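Put chain B on the given structure of chain A with help from the hints.
As given, the protein sequences belong to chains A and B, one line each in that order.
Per my numbering, the first sequence runs over residues 4 to 188.
Per my numbering, the second sequence runs over residues 1286 to 1740.
Hints are computed from structural coordinates only; laboratory data are not their basis.
Since the structure is predicted, the reported quantities are computational estimates derived from the model, not experimental observations.
Hints may contain errors.
[As the list claims (entries may be wrong)] Straight-line Cα separation of at most 27 Å, DSSO-like style, residue types lysine-lysine; simulated pairs: (1) Lys126/A x Lys1581/B; (2) Lys165/A x Lys35/A; (3) Lys55/A x Lys1387/B; (4) Lys126/A x Lys1478/B; (5) Lys1387/B x Lys1581/B; (6) Lys93/A x Lys9/A; (7) Lys35/A x Lys55/A; (8) Lys93/A x Lys1430/B.
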Amino acid sequence: MARRAKQFVAGFTEDPDLFLVLGEKARSSGFKGIDCTMPYPVHGFEESYGLKWSWVGVAAFVALLTGWAAGFGMQAWMMNIDYPINIGGKPHIAWPSFVPVIFECGILFAALTTVASLIIAGKLRPNPFAHVVNPRLTDDLFSIIIPFHNDEERLKAEEFLKAQKLSAVEVHDFDLLDPRTVKGC
Amino acid sequence: MSAVLQESPLSTDVRVPSVTKDVLAPMSARPGLLWIVAFSLAVVAFSIGAISVAHQLAHGIGILGINNTVGWGVYITDFVFWVGIGHAGTLISAILFLFRQKWRTAINRAAEAMTIFAVCCAGLFPLLHIGRNWYAYWLIPYPNKRNLWVNFNSPLLWDVFAVSTYATTSAIFWYVGLIPDLATVRDRAKGIKKMIFAVASLGWKGTGQTWVHYERAYAQFAWLATPLVLSVHSIVSFDFAVSNLPGWHTTIFPPYFVAGAVFSGFGMVITLLVVARSTMNLQHLITVDHLDLCNKVILATSWIVSLAYLTEIFVAWYSNSYYERFQFMDRAFGDYAWAFWTMMFCNCAAPQVFWFRWARRNLVFMFIISIFVNIGMWFERFNIFVISLSSDFIPTNWNYYVPTFFDWATTIGSFGMFFILFLLFCRVLPVIAVAEIKSVLPDPVGNFTDKKETH
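Here chain A stands alone, though its shape is the one from the complex (with noise of 0.2 Å):
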């Protein structure tokens, strides 16, 4: 695999029709690696700009799966194994009035792994300097973002985006784009 490049090539716009065609267009002229940034999203942004698919998905529906069998086993350990009580002499396991808490301990676990992966996945934190070049990147600005090695790469990135009818294209350092930077504040 390439080396992780330092630098991108970013070309702005407000119009989301033109920015979803972008990628697509980027690609086929054969960009590796590219990415952008969305104030808001637009439908169909992941195939066009061919975006890397979520594991958020499956380590949810893993920790369900965990949180319904956690569930059950809490409770069967406690009412009968930790301290069986004779209740009108029912079965200890009654596993029917088990599944409400069974099936709450599964939402609980999910609901709590999608937000924890979402966090490690998007290496999102609370960073108090976190910022962005252009106010408007949140507001109405969209940027497709072209990696680059060399002079070479970044040249004809620039050459490729210019040619679009985008606002402004600029080159930026990759770690403006991590939610941990402290740089340039």
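This is chain B only, laid out in the frame that chain A set:
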């Protein structure tokens, strides 16, 4: 005109940058007179409740109206009422999301906030209602030196798990939905406010790959919250349905409670949004069309609830159960007939005006109906709990229940707490999901005005 343009309740004149400006404007503006008056009233109401609760903690629950026969009175009614209010938010954010109802984006943030604050109010009542409040932690199964565990065969314990899971999940869901908007606020703020929102938004940069994870997580929450919201009120209804009392012991309770919860929740959504949208100048984002759709939900759920009432009455007759028949005759014509007919009027009769388009679109009218819905749903729970308890199997046990000043004071206090939280929310957070509503604007950057047809 494309189909998208015609279907959206939002105007084609609304552009992306104006949405950000309009939604964030109340956060930095000075509070209006109405807000100050409302907030002061809420603080007064909350103080009354706080004094009442302090008195109760000092003197015990003997100061309430409950007696040997009617052990669950206004407090438990309040509990179920608030849990019910808390159902509309998750319905709007999760179930309407799964059904791809794009109009939800205008109201989901405020409705979810309402959900969380209502669940906070709801959670207080069972804790206040137990005799020795300082032992509330006994509800949680934890290793203790008596080696005792809680009883997992009891619906009351299921409730502990259901309501606490619901409170946790809906709070996280709400926060995840807020993250991109918190970043939007961060990039428009200065100084300490910028830092606070930078921490709260978890350094959100809006990169494509993060959005992929984010959208997956959001959809995941919708999938989890949908069965959760249905399970919570079902489990609340088990508190009653599992016991053997006439009027409680029916299988219709779970769906009937869930429909009632949605009904009352949407009533509260209308009550809050009719006022909020005009005082915060958001009429172009929370349009009359949105309120119209909410009113249609109210009408539909009113019919589900009415059908449940009629089914209960029919089954009481058809089952040939002496006690069940007596219970329903007692509800309609007994000592509490006033409560029964209040409920019938507010929940079944009043919302029928929403068959008329002008009624669904008239702000004053829908506000009045929404108040009726709130009152009616409070009385529905009062009817179920108090009347069934007040006249059980043995006539010597029968007793009339009269709530005391402290019952009402704590109830008023919970409304005060709810409105304090909601009014603060209107000032410190974006009341509309900015990033979500932008993605459903019919003409976000004005392309349609220049180009004729792009789809």
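Practice task
Against the structure, test the hints numbered earlier, and report the numbers of the ones violated in rising order.
Solution key: 1, 6
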